[in-house]
Amino acid sequence: MVTHAPVLAIVIPLLGAFALPLWGKLRRELRDLWAIVVGVFTLVVALVVAVKVLGGGEVWVYTLGAASPAAAVVQGGFPIRIVLEVDALSAFMGVIALLAGIVGLVYTLQFLREEEGKTLAMSLYLLLWAGILGLVYTGDLFNFFVFFEITSIAACGLIGYRTWESRPPEAAFKTMVMYTLGGLLVLLAVGILYGEYDALNIAYISSKVTGGLLDRIALGLLLGGLLMKAGAVPAHMWAPDAYGEAPPSATILLVVNTQAAIYGLSRVVFTLFGGVLATPGVGWLIAAFGVLTIVVAALMALVQKDLGRLIAFGAVSQLGYMLLGLGVGAASLMTGAGFGQVALRGGIFHMINDAATVGLLFLLVGVVQRAAGTKELSRLGGLGHVLKAEGGLFLLGSLALAGIPPLNGFASKILIYESSFHLSPILAVLAILSSILLLAVVLRAFHSVFLGPKPSVLHVERTQWGTILAMGTLALVIVVFGLFPGFFVKHLVDPAVQALWAGRADYLAAVLGG
Amino acid sequence: MPFVVCMLLIAIGLFTLLVRRNLIKLVIGITIIENGVNLFLVSLGYVRNAVAPIYTYAPPGASRMVFPTPQALTLTAIVIGLATTALMLAFVVVIYRHQGTLDGGKIRELKG
Amino acid sequence: MRRWFFAGALLVVVAYLIGAAVWLHPFGIPSSSEMDDYFIANAQKEVAANNVVTSIVFDYRGFDTLGEATVLLAAVVGVALVLRRAVR
Amino acid sequence: MSVVVRTIARIVLPVGLAFGAYVIMHGHLTPGGGFQGGAVVASLVALIVVTFGAERLVRAKTWFSVVEDLGALAFVALAFLGIGVTFFRNVLANSGGLFGASVPLGPNPGILNSAGTLPLMNWAVGFKVIAGLGAVVLLLALFGKGGEGEDG
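Chains as they are written, first to last, in my numbering: chain F, 1 to 514; chain U, 1001 to 1112; chain R, 2001 to 2088; chain L, 3001 to 3152.
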């Protein structure tokens, strides 16, 4: 079965989501058990993929429906079937999706309430998870679009989960419009590329692109669509609404979902058009979007009155750091300057740090809301008297979000500062200033939520063990990644960086042979 | 020329998104864009003087067949578009239930 | 002000799209065709189906169709979730 | 709805059902397939909702969701048939058994018993689409009529 691991990692959660409502109709305990079984199997299979690809340094090609998994091309040297192609970057994204997915699943099992439609929400959760895994594993452009839409629809269904309130459906509608528009731009670009080269495989198209006008138009459309999905600043309106209104267990996957869009962006820039991007213009464009996102989101976080939206703007701002890292890397790809590699390392390392940090904060927002019945900062206060451990975790998460040593946020941000300074000092200065601003914002939030006099009328619900377990895992990740960044950079991040920086030829050769 | 028409259809949809505030009309605008993209996709595969790519009772004289891949892709894209439209309409229904209006300008509770 | 900005952006995008449409191969004369030629030539032999489109939908690109079915299921689940109870 | 509409609907329903089944069954031979045939049948659900009222179909909602899940599971199971070779491998085609007849190359009248897993997948997807689209139409029609509130 090991030879089928990449496809099983996508199909097992899909199968789980299909069967989940049926189990739910029989017995609820069976349904929860089924979800756990599906989670464990997905974990095992995707870890097999990650270990083999990240450790062995090979690009794993799986051709669906062919006579053998490796037979990607037919007579004449072109692929006709859908090819899953897992290189180190895909495997790294798979690890992030696994971390977030498992933690969110553990949290979901206890956090959601039966009468609120837990079965349907869990089903959508598994679909979103499968969609993200498919998005990062696929090596086919149209298949990429299909998984893009799976994640969009599942994510929007989850955002509208609290349908009895007035704000979640609105947030979900807004998000849906942006996601769909982004998806249509991607589809249009896929259509243009198909019309030009009569192919849909990323590796094959990449070997054919000429960099002509049509290619540039397709690149522009892909960038636009993916930046819309990622929530970079001109198109960021949906992101805080979505993060703020979705149930917290889903938000952690929504964050990974935006990261998957950034993965798509890097795949497009470095692999699909990696051979013809002779100008650093695209890199500069992405870096500019990144800095804009960092600054605007940090400023917006300053004025928020709702804890969920405040953290959400913090999350959007973190996204800017990844874009900045990728952009600096892309801008220096052609010149081969060494700091480009550092920037990519920072950007990619920041993805997993962001998933852990922002995920932890959102899970805590959920706990706070459950405990105090509200998310508004003006009505919260003094929760530290009752929720001691949660307060500590929140402080940890806030400091990591703002990039304070020795936590993981610092380990990746310092790489981004350092390298973007080489490209243009103004980028680094803006990024550092926003980080300081963000520190002030999250500390103020911590102060107003957890400190202060003990509230008299507060019925605090005890936090369940499942949520504690989930949050503890993420806190462990934050501390360990912060204390030993060298180890993780070497074994997790560097293979992914090399896959982007110098791995294009391997990526093409894995499918096309030779 | 047909490609230009598809692109104009997409432009009309984008224009709808920009000038209309009614939520239903936003959904209609998205559907128009979707149809433009689907039309573009399926027209990519047209080959002059060719028949449909189906061998059952194919006309014996025809030498060429239209490209089948864009048709398959369009089929997938149509179903995906249908699914998004259904979900968006469900959101619109719920928003209307809560707010009593469909005017996008009036119901922006979530500003920022 | 805002309105003019959007109008300008729309014009740019439309010019972009029409540029793509004009630069693409002429309608009805595709520039390259190796993948589709392969499908037309081999679908009957490999899949044993007369309908080449169906053989692509369910065999050559079957995974897309699985994704499409998943999208439909996700939409149905999402609609059921959202329309569950409007006011609690 | 008036008597005229109801009478016409009663005539159209079986015809539409037969047409949908035909489109699904001959998906590998003629234009059509699971999605198209499923959409034809699902439009009949909309017809029933419009003519006879959605309240009549309240109990069908659960069945729709069960059938949809089963259809999706059957589709994945058919894809899993090929796991000995690769996922989605069409192992039944040209095997000589069920749907395993080979077809003559070039234009021909069509053999129903061909194309391997394709007809089976057409049926799975067909049922899935019928149930899925039917459920969407029904949910939207029932919304606010006291039919909601059921979990799952």
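No lab work stands behind these hints, which were simulated from the structure alone. Check the hints yourself; a few may be wrong.
Unchecked claim - DSSO-like cross-link-like pairs, simulated, lysine-lysine; straight-line CA separation at most 30 Å:
#: 1; chain 1: U; residue 1: LYS1106; chain 2: U; residue 2: LYS1025
#: 2; chain 1: F; residue 1: LYS25; chain 2: L; residue 2: LYS3061
#: 3; chain 1: F; residue 1: LYS490; chain 2: F; residue 2: LYS52
#: 4; chain 1: F; residue 1: LYS208; chain 2: F; residue 2: LYS305
#: 5; chain 1: F; residue 1: LYS305; chain 2: U; residue 2: LYS1106
#: 6; chain 1: R; residue 1: LYS2045; chain 2: F; residue 2: LYS52
To be verified - Going by beta-carbon spacing under 7 Å, a handful of chain U positions derived as facing chain L:
#: 7; residue: THR1056
#: 8; residue: GLY1061
#: 9; residue: VAL1079
#: 10; residue: VAL1093
#: 11; residue: TYR1096
#: 12; residue: GLY1100
#: 13; residue: GLY1104
Unchecked claim - Using C-beta positions, here's what the derived DEER-type ranges look like:
#: 14; chain 1: F; residue 1: ALA70; chain 2: R; residue 2: SER2032; range: 24 to 30 Å
#: 15; chain 1: U; residue 1: ASN1049; chain 2: F; residue 2: THR210; range: 48 to 54 Å
#: 16; chain 1: R; residue 1: TRP2023; chain 2: U; residue 2: ARG1048; range: 15 to 21 Å
As the structure is a computational prediction, the values presented were derived from the model and not from experiment. Cβ coordinates follow ideal geometry from the N, Cα and C atoms, glycine included.
For each hint, the structure was consulted:
no., hint, result
1, U/LYS1106 with U/LYS1025, "holds (15 Å)"
2, F/LYS25 with L/LYS3061, "holds (13 Å)"
3, F/LYS490 with F/LYS52, "holds (16 Å)"
4, F/LYS208 with F/LYS305, "violated (51 Å)"
5, F/LYS305 with U/LYS1106, "holds (21 Å)"
6, R/LYS2045 with F/LYS52, "violated (36 Å)"
7, THR1056, "holds (4 Å)"
8, GLY1061, "violated (10 Å)"
9, VAL1079, "holds (6 Å)"
10, VAL1093, "holds (6 Å)"
11, TYR1096, "violated (10 Å)"
12, GLY1100, "violated (13 Å)"
13, GLY1104, "violated (20 Å)"
14, F/ALA70 with R/SER2032: 24 to 30 Å, "holds (25 Å)"
15, U/ASN1049 with F/THR210: 48 to 54 Å, "violated (29 Å)"
16, R/TRP2023 with U/ARG1048: 15 to 21 Å, "holds (19 Å)"
Checked against the numbered hints above, the structure violates hints 4, 6, 8, 11, 12, 13 and 15; every other hint is satisfied.
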